[in-house]
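One-letter residues, chain by chain:
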Amino acid sequence: DQQVKQNSPSLSVQEGRISILNCDYTNSMFDYFLWYKKYPAEGPTFLISISSIKDKNEDGRFTVFLNKSAKHLSLHIVPSQPGDSAVYFCAACVRGGSNYKLTFGKGTLLTVNP
Amino acid sequence: DAGVIQSPRHEVTEMGQEVTLRCKPISGHNSLFWYRQTMMRGLELLIYFNNNVPIDDSGMPEDRFSAKMPNASFSTLKIQPSEPRDSAVYFCASSSWTDTEAFFGQGTRLTVV
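Protein chains in written order, with this note's numbering: chain X, 1319 to 1432; chain P, 47 to 159.
No wet-lab data here; the hints were simulated from the structure.
In silico SDA-like links for lysine to any residue, alpha-carbon gap of 25 Å or less: (1) Lys124/P <-> Thr1421/X; (2) Lys1374/X <-> Asn1340/X; (3) Lys1323/X <-> Thr1381/X; (4) Lys1389/X <-> Glu147/P; (5) Lys1323/X <-> Ala134/P; (6) Lys1323/X <-> Asp145/P; (7) Lys70/P <-> Thr1363/X; (8) Lys114/P <-> Gly62/P; (9) Lys1374/X <-> Thr144/P; (10) Lys124/P <-> Tyr1418/X; (11) Lys1386/X <-> Glu147/P.
Extracted from the complex, chain P is given alone in its bound form (with noise of 0.2 Å):
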């Protein structure tokens, strides 16, 4: 398996752009988890879903921040309009009920400015 595949690596926009980060969970994982990642807070939980259901968004920073999971093997992370302090690395990762640690994928880093 190529394990969690996330796009593109890198993205500069300017502010107030909307940003559109991509993930593909390893085949068979029935949860999904965004996480992004600062020097001030470390990794953050932003969303998870459970079979494509989104169970816990709690730690979205606001509201111009949304993500979707359409299918099983597709998640979209979405900023609109970004601002500069959402510069930062955004990992997704995913799991299976069978294991408890999750996988990630490389990140997305994300500049804003």
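Extracted from the complex, chain X is given alone in its bound form (with noise of 0.2 Å):
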């Protein structure tokens, strides 16, 4: 039972295009949401996280959307560069107390083309 979904293994984009990543949750507890970025041979690192009291947080070319009444979440990255190829992971928890896990999607390849 996949409580965060990433429906699409693979995203190709044309450098300087929108690239937009989703993701899909079922666990309505979550509230809270990441997005990691992973390099062959690296680990995750966070990218860009949100609250579920907040539809939108922009850091720079990265901004995530959130609509809680779809249980869906997108990651806009604006404009795309060759760089950005990597795996994202979405990623959501229930925050509160000391305990504390997150649940990871299992990812989508992006490449950028030149």
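Assembly of the complex is requested from the two constituent chains, each provided in isolation within its own frame, with the hints serving as guidance.
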């Protein structure tokens, strides 16, 4: 039972265009969402996050949108650059208290073509 | 800070052998996580510790897997006996209660032949 789903295993876009990566979740208790980026032979690194009390968070070229009613979030990268080529993982958790764990999707491989 | 440190980076072993993966979390972090990455299942949480105490080990695949955290600066994940289907990249991550994001090590690529 996958609580966090990334239904697109891969995405290819042209340099300078927008990349949109999607993520769906099933657990309505999740109240914090994160995106991680992973290059080959490296560990995932934190990219951007959003709390469930917001519907948008922006950091430079990266924007995350949250639609709680649809249990859907997306990561927009504008403009896309070849260095953005990596696997992107969506993650979710329930905050509060001292115990929490991140539940990850399977990842989407983004390829940005020059 | 050097970040989360995992060793070894690569491990090749024969089926039936014992494998021990090691992790040093970021100093001051209270939580430690072991994840496994495979093509089929993505990043799966195996077990996590808070203040060196195992909190949730429901992701550990079977009794062949065990994890310990004897102190705040060291954790091990042991597989005994190992099987070819255990081949994957194993990540350790740590976080503090003031941060929601977890910081990952570079992973150990395990190959069981």
